[in-house]
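Visitor: What follows is each chain in one-letter form.
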Amino acid sequence: MSKLIEQPRYSCALGAQQSVIAIKRAVPILHSGPGCGDKINRLLGQGEGYAGGNTVPCTNASESEIVFGGEAKLGTVIEGAFKVIDADLYVVLTGCTSDIIGDDIAQVTSTYQEQDKPIVYVETGGFKSNNYVSHETVVKGIIDQYVDKFKAGSNKIKGLVNVFATIPYQDAFWNGNLEEIKRILEGIGLTVNILFGAESQGIEEWKTIPQAQFNIVASAWAGLGIAEHLKSKYGTPYAHFPYLPIGGLETTKFLRQVATFGALDMDYAETFIKKEEEKFYMHIERMADFMLEFRYGLPRRFYTILDASYAIGFSKYLLNELGILPTKQFIIDDTPEEFQEASREQFKNISSLRSTEVIFSVDAGAIQDEIRKDEHKNRALIVGSAWERDLAMDIGADLLIVSVPVAYRLVLNCGYAGYNGGLRVIEDIYGKVLDTYR
Amino acid sequence: MSKINLNAAEVETRESRLGSITGFAGTAGELVGCSRAGTLKESDRSFSQCMGCSSGNAFCQLSMIQDAIVVNHAPVGCAGDFFTFNFIYRVGQMERNLSPVIGRYFNTNIEEQDTIFGATQKLASTIRTAYERVHPNAIFITTSCASGIIGDDVEGVANDLTEELGIPVISCFCEGFKSKIWTTGFDAAYHSIVRKLVKPPEKKSNKVNIVNFWGSHIFDELLNPLGYEADYIIPFSTTTQLAHISEAVATIQICPTLGTYIGAALEQVYGVPEIKSPPAYGIAGTDQWMRELGKVLNRQEEIETLIAKEHERVLPRLQEYREKLQGKKAYLTAGAAHGHALIALLRELGMEVQGAAIFHHDPIYDNSTIASDALAHAVNTYGDIPNYNVCNKQAYELVNILNKIKPDIMIARHGGMTLWGAKLGIPTLLVGDEQLSYGYQGVLNYAERIVETLDNKEFVLNLAKHSTMPYTKWWLDQDPFSFLRSDLNVKTY
Numbered sequence: 001m002s003k004l005i006e007q008p009r010y011s012c013a014l015g016a017q018q019s020v021i022a023i024k025r026a027v028p029i030l031h032s033g034p035g036c037g038d039k040i041n042r043l044l045g046q047g048e049g050y051a052g053g054n055t056v057p058c059t060n061a062s063e064s065e066i067v068f069g070g071e072a073k074l075g076t077v078i079e080g081a082f083k084v085i086d087a088d089l090y091v092v093l094t095g096c097t098s099d100i101i102g103d104d105i106a107q108v109t110s111t112y113q114e115q116d117k118p119i120v121y122v123e124t125g126g127f128k129s130n131n132y133v134s135h136e137t138v139v140k141g142i143i144d145q146y147v148d149k150f151k152a153g154s155n156k157i158k159g160l161v162n163v164f165a166t167i168p169y170q171d172a173f174w175n176g177n178l179e180e181i182k183r184i185l186e187g188i189g190l191t192v193n194i195l196f197g198a199e200s201q202g203i204e205e206w207k208t209i210p211q212a213q214f215n216i217v218a219s220a221w222a223g224l225g226i227a228e229h230l231k232s233k234y235g236t237p238y239a240h241f242p243y244l245p246i247g248g249l250e251t252t253k254f255l256r257q258v259a260t261f262g263a264l265d266m267d268y269a270e271t272f273i274k275k276e277e278e279k280f281y282m283h284i285e286r287m288a289d290f291m292l293e294f295r296y297g298l299p300r301r302f303y304t305i306l307d308a309s310y311a312i313g314f315s316k317y318l319l320n321e322l323g324i325l326p327t328k329q330f331i332i333d334d335t336p337e338e339f340q341e342a343s344r345e346q347f348k349n350i351s352s353l354r355s356t357e358v359i360f361s362v363d364a365g366a367i368q369d370e371i372r373k374d375e376h377k378n379r380a381l382i383v384g385s386a387w388e389r390d391l392a393m394d395i396g397a398d399l400l401i402v403s404v405p406v407a408y409r410l411v412l413n414c415g416y417a418g419y420n421g422g423l424r425v426i427e428d429i430y431g432k433v434l435d436t437y438r
Numbered sequence: 001m002s003k004i005n006l007n008a009a010e011v012e013t014r015e016s017r018l019g020s021i022t023g024f025a026g027t028a029g030e031l032v033g034c035s036r037a038g039t040l041k042e043s044d045r046s047f048s049q050c051m052g053c054s055s056g057n058a059f060c061q062l063s064m065i066q067d068a069i070v071v072n073h074a075p076v077g078c079a080g081d082f083f084t085f086n087f088i089y090r091v092g093q094m095e096r097n098l099s100p101v102i103g104r105y106f107n108t109n110i111e112e113q114d115t116i117f118g119a120t121q122k123l124a125s126t127i128r129t130a131y132e133r134v135h136p137n138a139i140f141i142t143t144s145c146a147s148g149i150i151g152d153d154v155e156g157v158a159n160d161l162t163e164e165l166g167i168p169v170i171s172c173f174c175e176g177f178k179s180k181i182w183t184t185g186f187d188a189a190y191h192s193i194v195r196k197l198v199k200p201p202e203k204k205s206n207k208v209n210i211v212n213f214w215g216s217h218i219f220d221e222l223l224n225p226l227g228y229e230a231d232y233i234i235p236f237s238t239t240t241q242l243a244h245i246s247e248a249v250a251t252i253q254i255c256p257t258l259g260t261y262i263g264a265a266l267e268q269v270y271g272v273p274e275i276k277s278p279p280a281y282g283i284a285g286t287d288q289w290m291r292e293l294g295k296v297l298n299r300q301e302e303i304e305t306l307i308a309k310e311h312e313r314v315l316p317r318l319q320e321y322r323e324k325l326q327g328k329k330a331y332l333t334a335g336a337a338h339g340h341a342l343i344a345l346l347r348e349l350g351m352e353v354q355g356a357a358i359f360h361h362d363p364i365y366d367n368s369t370i371a372s373d374a375l376a377h378a379v380n381t382y383g384d385i386p387n388y389n390v391c392n393k394q395a396y397e398l399v400n401i402l403n404k405i406k407p408d409i410m411i412a413r414h415g416g417m418t419l420w421g422a423k424l425g426i427p428t429l430l431v432g433d434e435q436l437s438y439g440y441q442g443v444l445n446y447a448e449r450i451v452e453t454l455d456n457k458e459f460v461l462n463l464a465k466h467s468t469m470p471y472t473k474w475w476l477d478q479d480p481f482s483f484l485r486s487d488l489n490v491k492t493y
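As given, the protein sequences belong to chains A and B, one line each in that order. Just so you know, we're using this note's numbering here: the first sequence kicks off at 1 and counts up by one. Just so you know, we're using this note's numbering here: the second sequence kicks off at 1 and counts up by one.
Don't take each hint at face value.
Unchecked claim - With a cut-off of at most 27 Å between alpha-carbon atoms, the simulated DSSO-like pairs for lysine-lysine come out as follows:
| # | chain 1 | residue 1 | chain 2 | residue 2 |
| --- | --- | --- | --- | --- |
| 1 | B | 324 | B | 204 |
| 2 | A | 83 | B | 207 |
| 3 | B | 406 | A | 83 |
| 4 | A | 231 | A | 140 |
| 5 | A | 83 | B | 473 |
| 6 | B | 406 | B | 473 |
| 7 | A | 117 | B | 473 |
| 8 | B | 324 | A | 83 |
| 9 | B | 404 | A | 83 |
Think of the hints as simulated: they come from the structure by calculation, not from any bench.
One chain only, chain A, in its complex shape (with noise of 0.2 Å):
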């Protein structure tokens, strides 16, 4: 199949520079193109952040790096981010010229690490994979390169775990999901490294990853290999559930297998759930006469454009929760294939009565023209970014961005993970629809 891509929805592998803007105080330093940062910031930035942006050291690549080499540049680069940005992690990433040309980055970078500074350098060239993945080899090499030697200890913490969930900025609401599931997670008794965002500590929770009693990873794929890789590091064992848990039933699936995976007290877990599921039941019972009586039309049937955490997220939701019927649901994250019968599985079995296809694919184009096909009777939900905007309207759909690019909405704590964030997909999708009436 071609690999041709018509309207992107994620990045090339320096877009994992997002992943270290994520992190409290921490800056990348970009050896590449000049254009690359501002062109990952567009697709994946909504806001700087603390020193994302324009503020992002960078080399700044021209002819003469490509051809005398660029290793010098980028230690006087480093130099000066050591004294004009004040940062608590420095993360060098490299670009496809430097990438392509050969430099010698780990070369450069250690003579810092020699002196104890706080920095990480990691191999990004653009063609190398994409963001998703090379979250992943960033994490790694911050773990490798800084936690291992920096760490706060080396003794298992009881209750304490690593939480993988979300590629920050790739998902628009990695803020608002992280939170919640933080939330959740100490509500069942665990002490959260969330590693990312307003809720997190910084470089010094990351100094803790190894201590952890065990890892989790809420996501189908992409931070699996982090996972692995404290695995066989420092024997922390791992649970991974598939997805990001959206709503009653999945958020206390997954709560429930976090308790056992880690045996925890399965009461003081189960008395949060249980307020926790009342709560959510509440509201839910309170519009499902809104549900089942509004005359006008509600979207009765979904597609998914998104990512496979998202896609199986949002589809076992809207199916089992609120009663929306799947059509195609398509996966646009260039799933490795080794992961991609595992995510079709789940939609085999997405609830207990209906099996569903998927199909997988980084060509959006060609899903919209897809979708364009179908017969379209009754009203559709798409769940998929910004470029569905004419999709949405020619197919008389109603549209939930989700995904990136997500230039039509404003995100800053909005999550859908977990119980909270169930009730707000709730509140999105069917704002949008009311809305839609004069």
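Given chain A, work out where chain B should sit, using these hints.
Guide: Chain B in isolation, oriented as in the chain A frame:
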């Protein structure tokens, strides 16, 4: 003199064509002096932050031609700006009452094995698929650092596919690493258009080319009474429209940083005269520009009447603004020529320009005449500007300067810079529509926005109170140009 060479597939960079630079610290007068004397030297920074690249600027111009599509031959990250320009495209459709369409942009998705075996096959097959999907009237190929370094024969593919598909398939070489001046990307886009889309004139028309971004259509009002028609070109043009721009009676650029190449190319290749004057910002600048326009269009008498009429209308109101703004201190950051224009505008309003960080400097434009030098015009008309810094979006220098001089207002022309004014509690103004401040009425429009911004302090003061600063205290105490290696005398703050 810069000679337009349409035989070459690739446009020369601004550095080599015009001697343009990205690093300078001194006064505006000194910079103009160096430019005239031919002693302008590039200064490199040993520490730098993310800039922008030519491929973004080329795409900016090619992505909104209504019946053309763009194939970006690059790893997927280079396509990160697709939606940004699609968004602008769609906003412009709304403003122009066009029906909503999506920008059709394709990325070839260069991957690791392609860097070893080459990616021309991938490029060709992407072009074929894109053609099948859209059936456009032209396809532009924008290149990338990766495609450039691995040495793909993009021009060869473009020529083959032109023959195969029967529509122009046009290469646009805009690799990011080739030029430190991202506006080279504008030149690359225009080079492709003049080289492959523009046809020799069949007849002369009454049209005047307006080389612009996607601003408002302010030139209709001026040109229609003179018997001419404004033709706003590149974004929102069609390929047929572009084929005929060689037939126009003149070319106006709203900003020579944008249009230097196409203005000169149309004049050199097809004899379409370019209006050679700084763009019309400020009263004196507008007078000069109008007179040049009158000369080229042979409407000198009508223009003099118009100038007199506009002076009578605008000057009394301008005086009111001057009284309000007298002595207010401004700091400016912008792209080159538009920055120069804004300096003129601020001085016209009686404000003090404490300094400026301007993205690059072209000592001369492609038309090889100093008549278009907007900075020289600003200096000659309103006096020298201290603390003039050529600085390609280096936020760390800007923050250092703002923190020291604390102006009453910061004026920005491009995104990504305004934050630093606001975080320091300085009211900050960004005007997106460059046509807003053009001409006589533009002076008043801009003045109104400045008064409004100066008045609106609540937001920035509160933001400043709660903001973090990623720059070290050490840095804020240093000379702002500490990392700029220069053999010029650096004036420090």
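Visitor: Output the numbers, in ascending order, of every earlier hint that fails for this structure.
Guide: The structure conflicts with hints 1, 2, 8, although it agrees with all the remaining ones.
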